[in-house]
Amino acid sequence: MLEALLRTSLDDMTAQASELEASSAPDDALVTWLRDAVAFTRNYHGITALMVAALDDPKSALHASCVAVRAAGTRLLTRAQAEGKARSDIDGTELFALIAALAWLGDQPSIGGRADHLFEIVTSAILTNQASSGGPARRRPRTRS
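Quick note: the sequence shown uses my numbering, first residue 10, plus one each step.
Source of the hints: derived by calculation from the structure; they are not laboratory data. There could be a bad hint or two in this list.
With beta-carbon atoms standing in for the labels, derived distance ranges [said to hold, decoys possible]: (1) I130 x G55: 21 to 29 Å; (2) S69 x A110: 19 to 27 Å; (3) E92 x L59: 14 to 22 Å; (4) G55 x R123: 31 to 39 Å; (5) G122 x A31: 19 to 27 Å; (6) S119 x A24: 34 to 42 Å; (7) A58 x G122: 20 to 28 Å; (8) E12 x S133: 17 to 25 Å; (9) S18 x D65: 28 to 36 Å; (10) A24 x A70: 16 to 24 Å; (11) L14 x V76: 14 to 22 Å; (12) L14 x A80: 15 to 23 Å; (13) S32 x I120: 30 to 38 Å; (14) Y53 x H126: 20 to 28 Å.
Heads up, the beta-carbon is just placed ideally off N, CA and C, and yes, glycines get one too.
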């Protein structure tokens, strides 16, 4: 039952990537999808290990959905790279790893409150032109006192 729920959620993320690809600027689409992917990963504690294992196991019930969601993120990244909106030295596998890392950071009690700020730091490192990405997916970083 859990695998069926996860497959449905992963398939929804894949569909969302296609919708964003068709309706949003490349950088906004990438950041919006990345934010939602991190939230999904945080909601299902321990899912990262299952997803990584499923990627390497064609017999896994989650394999096709995990491959599809990684490919969807890769498409969004590649599109942003083609438009010069994202750095060219990152690939879909590394984007997938960053999702897992950001989800893990958000789950840590001592730094979880900084998850949004850390997300902004990571996305600013991925995107090449912050000025063009002023849509709803982007938030101003918090100032420190």
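Results of checking the hints against the structure:
A beta carbon spacing of about 25 Å between I130 and G55 agrees with the range 21 to 29 Å that was offered as a hint. One distance hint, 19 to 27 Å for the beta-carbon pair S69 and A110, holds here, with the actual separation near 22 Å. Taking the beta carbon of each, E92 and L59 are about 33 Å apart, not inside 14 to 22 Å as hinted. A hinted range of 31 to 39 Å for the beta carbons of G55 and R123 is inconsistent with their spacing of about 22 Å.
Judged by the Cβ atoms, the range 19 to 27 Å given for G122 and A31 is violated: they are separated by roughly 35 Å. Range check, S119 to A24: Cβ separation about 36 Å, and the 34 to 42 Å hint holds. For A58 and G122, the Cβ-Cβ distance of about 25 Å falls inside the hinted range of 20 to 28 Å, so the restraint holds. Against the hinted window of 17 to 25 Å, the Cβ-Cβ separation of E12 and S133 comes to about 35 Å, which falls outside the hint.
Between S18 and D65 the C-beta distance comes to about 20 Å, which lies outside the given range of 28 to 36 Å. At about 19 Å, the CB distance of A24 to A70 agrees with the hint of 16 to 24 Å. The given range of 14 to 22 Å is respected by L14 and V76, whose C-beta atoms sit roughly 18 Å from each other. For L14 paired with A80, a C-beta distance near 21 Å keeps the hint of 15 to 23 Å intact.
At about 34 Å, the CB distance of S32 to I120 agrees with the hint of 30 to 38 Å. For Y53 paired with H126, a C-beta distance near 23 Å keeps the hint of 20 to 28 Å intact.
Hint compliance for this structure: hints 3, 4, 5, 8, 9 are not met, and every other hint is.
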